[in-house]
Each structure stands twice: as structure tokens, then as C-alpha cells.
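Visitor: The sequence shown begins at 3 in my numbering and counts up one residue at a time.
Keep in mind that a hint or two might mislead.
Said to hold, decoys possible - Derived EDC-like pairs: lysine to aspartate or glutamate, alpha-carbon spacing no greater than 16 Å straight-line:
hint	residue 1	residue 2
1	K78	D89
2	K114	D179
3	K164	D149
4	K164	E119
5	K184	E168
6	K78	E92
7	K78	E96
8	K78	E142
9	K164	E107
10	K188	D149
11	K114	E168
12	K111	E161
13	K164	E176
14	K137	D149
15	K31	E46
16	K111	E54
17	K164	D118
Stated by the list, open to error - Computed beta-carbon distance windows for the label pairs:
hint	residue 1	residue 2	range
18	K164	H59	24 to 32 Å
19	G138	N35	41 to 49 Å
20	E119	H157	15 to 23 Å
21	R110	N153	13 to 21 Å
22	Y27	G81	36 to 44 Å
Derived by calculation from the structure, the hints in this document are not laboratory data.
Given the structure is predicted, the values throughout are model-derived calculations rather than measurements.
The beta carbon of each residue, even a glycine, is placed where N, CA and C say it ideally should be.
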Amino acid sequence: MMPEKIPGIGEKEQVLDDITAKYAYEILKKLANEDAKILKRVQELALEYLIEVDPDHIAKSIFNDLVSLDVEELWKNSGRTRYGYVDPYELASEMFEEALEPYVEELRKCQKLGMDEEAKFHCMGILKGLYMFEKGATTEFQDWAVDDSHNNFIHIFEEWRKGNNEPKNLEEMEEMDEFVKKNFPKWYNVKKSSQFQI
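Can you build the whole structure from these sequences, using the hints too?
Guide: So this is what it looks like as C-alpha cells:
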């Protein structure tokens, strides 16, 4: 069955509806490279989308993504396989990190664009989501990913800190230290006694 045509709009005008995201991105890049005004407007619009960062929303999304990790999938793909032995704990860690990757990628984008405040909010949301999972999740998968919340907490915080090392950001570093101390007291105390330093 053919898609319904919109009255008054020719085939050429409807082509935008048929472009996939991949091609739309390539076309947008070409247009932006050809015209400085278009480039400026694209950057303005992109920043509008990136600016709205809600740490609580990020934390809840991460928690939901982590509690939905399927222990059955873990069991099915670990142990003896025809390709050799797959350690279930290692596979659980990989699945855990894959679930976090889109959020960490957004954090990196903000840092790359010099959006320090937004990067900080992304980091706060990720840390909060990891802590929520550690404290509030009751899934079988969690039994296989015992240290992953804490290990990723440290890794992501360190990555944010390294990407935020300009002297002008000292205040943000102190604010983040207070945030960790207030919201994650157990991990803050571990942080103080280990190499995990702000």
C-alpha cells in the first residue's frame, strides 16, 4: 500500500519525510559547511537541544535501563559456548557498560563543546543513577554485576574530572565534591581513603 500523499505538496516537497536520520545528518553537515549563516543557525539549534540537562531525569533513565538488563540474556550468552568460555561476570560488566554508554557519550559531547555546566549535570545524573541502582535495585542481574556500579561511578567521575581541569572550573570541582559527599556518603568515604580524589 502506497503512503498517502498530502494534498498540495508535490513529490519533491515530501522527500524530507522519506530521508533517514543518517542522510539527514549528512545533508545538514554539507549545508552547514557551504554556508556560514546556516552553520551558525545549526549550532544555535544544537545548543538549545543540548542545554536542557536534568540530572534527576538522567538518573531515573539510567536506573530503569540498568534494572531492565536481562539476566536470562546473560545466562544464555555466558558459560561454555562454541567459541570458548565466556565468564558471566565479565559479560555482565560489558552489558552494564553498554547500558551506560549513551549517557557517558552525552557527557563527552558537552565537554567537547565547552559546555561545562551541562557536562557537570550529566555527570551528576549518571553518578546518581549508578548509586540508585546499587542501593535500590533488586534484580538477579545485579548479583552478577556486584562491583560495576561503584567501579563505573569512579571511572565516570574521573573522566569528568579530567575533562574539566581548567583553573576556571575549580568552583565546579568543589561543588561536585559537595554533591558526592552529600548524596553518596558511603562512596565519598571510600573515595577519601582511596586514590579516587577530586
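Visitor: With reference to the structure, classify each hint as holding or not holding.
Guide: Hints versus structure:
1. The hinted pair formed by K78 and D89 meets the criterion: a straight-line CA distance of about 12 Å does not exceed 16 Å.
2. Restraint check for K114 and D179: the C-alpha separation of about 22 Å exceeds 16 Å, so the hint is violated.
3. At roughly 23 Å between alpha-carbon atoms, K164 and D149 are farther apart than 16 Å, so this suggested pair is violated.
4. About 15 Å separates the Cα atoms of K164 and E119, which keeps this hinted pair within 16 Å; it holds.
5. A distance of roughly 24 Å separates the Cα atoms of K184 and E168; the hinted pair therefore is violated under the 16 Å criterion.
6. Restraint check: the Cα-Cα separation between K78 and E92 comes to about 14 Å, which is no more than 16 Å; the hinted pair holds.
7. Between the alpha carbons of K78 and E96 the distance comes to roughly 15 Å, so the proposed pair stays at or under 16 Å and holds.
8. Under the criterion of a C-alpha separation no larger than 16 Å, the hint pairing K78 with E142 is consistent with the structure, at around 14 Å.
9. The hinted pair formed by K164 and E107 meets the criterion: a straight-line CA distance of about 15 Å does not exceed 16 Å.
10. Simply put, K188 and D149 have alpha-carbon atoms about 14 Å apart, close enough for the 16 Å limit, and the pair holds.
11. Taking the CA atoms of K114 and E168, the gap is about 13 Å. The hint holds against a cut of 16 Å.
12. Only pairs whose Cα atoms come within 16 Å are accepted, and K111 paired with E161 is accepted, the gap being roughly 13 Å.
13. Taken as a hint, the K164 and E176 pair is honoured in the structure, with Cα atoms around 14 Å apart against an allowance of 16 Å.
14. For the hint pairing K137 with D149, the CA-to-CA distance comes to about 12 Å; that is within 16 Å, so the pair holds.
15. For the given pair, K31 sits about 14 Å from E46 by alpha-carbon distance, which is consistent with the 16 Å threshold.
16. For the hint pairing K111 with E54, the CA-to-CA distance comes to about 14 Å; that is within 16 Å, so the pair holds.
17. Under the criterion of a C-alpha separation no larger than 16 Å, the hint pairing K164 with D118 is consistent with the structure, at around 12 Å.
18. Taking the beta carbon of each, K164 and H59 are about 25 Å apart, inside 24 to 32 Å as hinted.
19. In this structure, G138 and N35 meet the distance hint of 41 to 49 Å, their C-beta atoms being roughly 47 Å apart.
20. Taken as a hint, the range 15 to 23 Å holds for the pair E119 and H157, whose Cβ atoms sit roughly 22 Å apart.
21. Between R110 and N153 the beta carbon distance is about 19 Å. The supplied range of 13 to 21 Å therefore holds.
22. Hint check: Y27 to G81, Cβ distance near 40 Å, so the stated range 36 to 44 Å holds.
The structure shown violates the earlier hints numbered 2, 3, 5.
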